[in-house]
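Visitor: Residue numbers (our numbering), protein chains in the order written: chain A, 317 to 429; chain B, 58 to 174.
Quick caveat, the hints were computed from the structure, so don't treat them as lab data.
Please note that a few of the clues may not be correct.
Stated by the list, open to error - No farther apart than 30 Å at their CA atoms in a straight line, the calculated lysine-lysine pairs in the DSS-like style are these:
hint, chain 1, residue 1, chain 2, residue 2
1, A, K358, B, K112
2, B, K99, A, K353
3, A, K373, A, K338
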Amino acid sequence: GENVEQHPSTLSVQEGDSAVIKCTYSDSASNYFPWYKQELGKGPQLIIDIRSNVGEKKDQRIAVTLNKTAKHFSLHITETQPEDSAVYFCAASIWGTGNQFYFGTGTSLTVIP
Amino acid sequence: GAVVSQHPSRVICKSGTSVKIECRSLDFQATTMFWYRQFPKKSLMLMATSNEGSKATYEQGVEKDKFLINHASLTLSTLTVTSAHPEDSSFYICSARAGESVSDEQFFGPGTRLTVL
Numbered sequence: 317g318e319n320v321e322q323h324p325s326t327l328s329v330q331e332g333d334s335a336v337i338k339c340t341y342s343d344s345a346s347n348y349f350p351w352y353k354q355e356l357g358k359g360p361q362l363i364i365d366i367r368s369n370v371g372e373k374k375d376q377r378i379a380v381t382l383n384k385t386a387k388h389f390s391l392h393i394t395e396t397q398p399e400d401s402a403v404y405f406c407a408a409s410i411w412g413t414g415n416q417f418y419f420g421t422g423t424s425l426t427v428i429p
Numbered sequence: 058g059a060v061v062s063q064h065p066s067r068v069i070c071k072s073g074t075s076v077k078i079e080c081r082s083l084d085f086q087a088t089t090m091f092w093y094r095q096f097p098k099k100s101l102m103l104m105a106t107s108n109e110g111s112k113a114t115y116e117q118g119v120e121k122d123k124f125l126i127n128h129a130s131l132t133l134s135t136l137t138v139t140s141a142h143p144e145d146s147s148f149y150i151c152s153a154r155a156g157e158s159v160s161d162e163q164f165f166g167p168g169t170r171l172t173v174l
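Same shape as in the complex, but just chain B (with noise of 0.2 Å):
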């Protein structure tokens, strides 16, 4: 099946600082990504879409500003938390959907735990 990774898993970062968090679609080429944010015991908040080559879109309440997020090419999608704040601690996924085309299944990383102190 299609795997999707994510780096790092785990990151912890003082106040003030900005964190990268990488997508690659690993034998497939994405050319859609989304990225989520979950909260303990909560469903996954979609945040914005990416598409190759253009800006993405974010939902209602998403900061473009600190959450700048980059999807450079067909398989590598990043996400930055800029000035980071312990309210952005939270735990980031994004997923990856291979094309309208083919399919519209949308395969997940296995998600950035971010603690921000």
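Bound conformation, chain A alone (with noise of 0.2 Å):
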């Protein structure tokens, strides 16, 4: 089965600096990757999500790349803000087949104002 790994599992940064949270997945079949925030004591949020057919896909100070070859995906969050401190979650799977999903362990943010 998949296994997706994730880097660093805890990340402090300065307001303003940016942060990069990474992760490796083992099945070259996943084409889906999904990343939530989780606030404490609350259900995960997706943030943004790429698909594998592109490698890259930003939303604001929010962006993800991909790399199919190395199988590994990034989460990218520049100009971070004390809000943006929560754990990030990264997930595999495959598109339209149903299949579950396959977390990441998790990666704790801390801004620091």
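Using the supplied hints, reconstruct the complex from the two chains, each of which is provided in its own coordinate frame.
Guide: Below you can see the structure in the form of structure tokens.
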């Protein structure tokens, strides 16, 4: 089955700096990679996703890059703000099959004002 | 965006009792719902996948007789923790998917914090 690894497990950055979280996956058939943000005591919220037919996707301060050959994808947050502090999870799946999502282990991001 | 609700948000029960958690898709029909368990500072662990009108598919190691899942309608799935014990205390999260032909996005509920005394 699919194995998703995520690094780092914790990340602290100064407000205004950029944050990068990286994930690797093992199943070359995976082609859908969502990123979720989870605040304390709440359920995960989708913040951005990418499919394997593109290499990069951007939404304001958030971007995701995908390297299919190397089987890794990354979340980039620019101009970080304190409200970006949360736990971020990556996931991998096969689009259109109804298959389950395989989640990474999470990254706790702290943005220091 | 699609909204998924869970009820209750928090529940405290005595050991040996059963607890039911509801998961509802509020503005879309969910052909598939997923139930996850999350331990503090850990990732989401998939417990089972439920499709409307059929039996749930449980992940390896998850006791189907202990965690009863019912997906009776396209907007409601329930998870019942039977004969709960303190080790069942956890954060339970459901997610819902509209359908394979529409989207593979999963929309998560806010979670239910279960504490078993």
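Visitor: Does each hint fit the structure? Answer for all of them.
Guide: Each hint, compared with the structure:
no.	hint	in the structure
1	A:K358 with B:K112	holds (28 Å)
2	B:K99 with A:K353	holds (14 Å)
3	A:K373 with A:K338	holds (15 Å)
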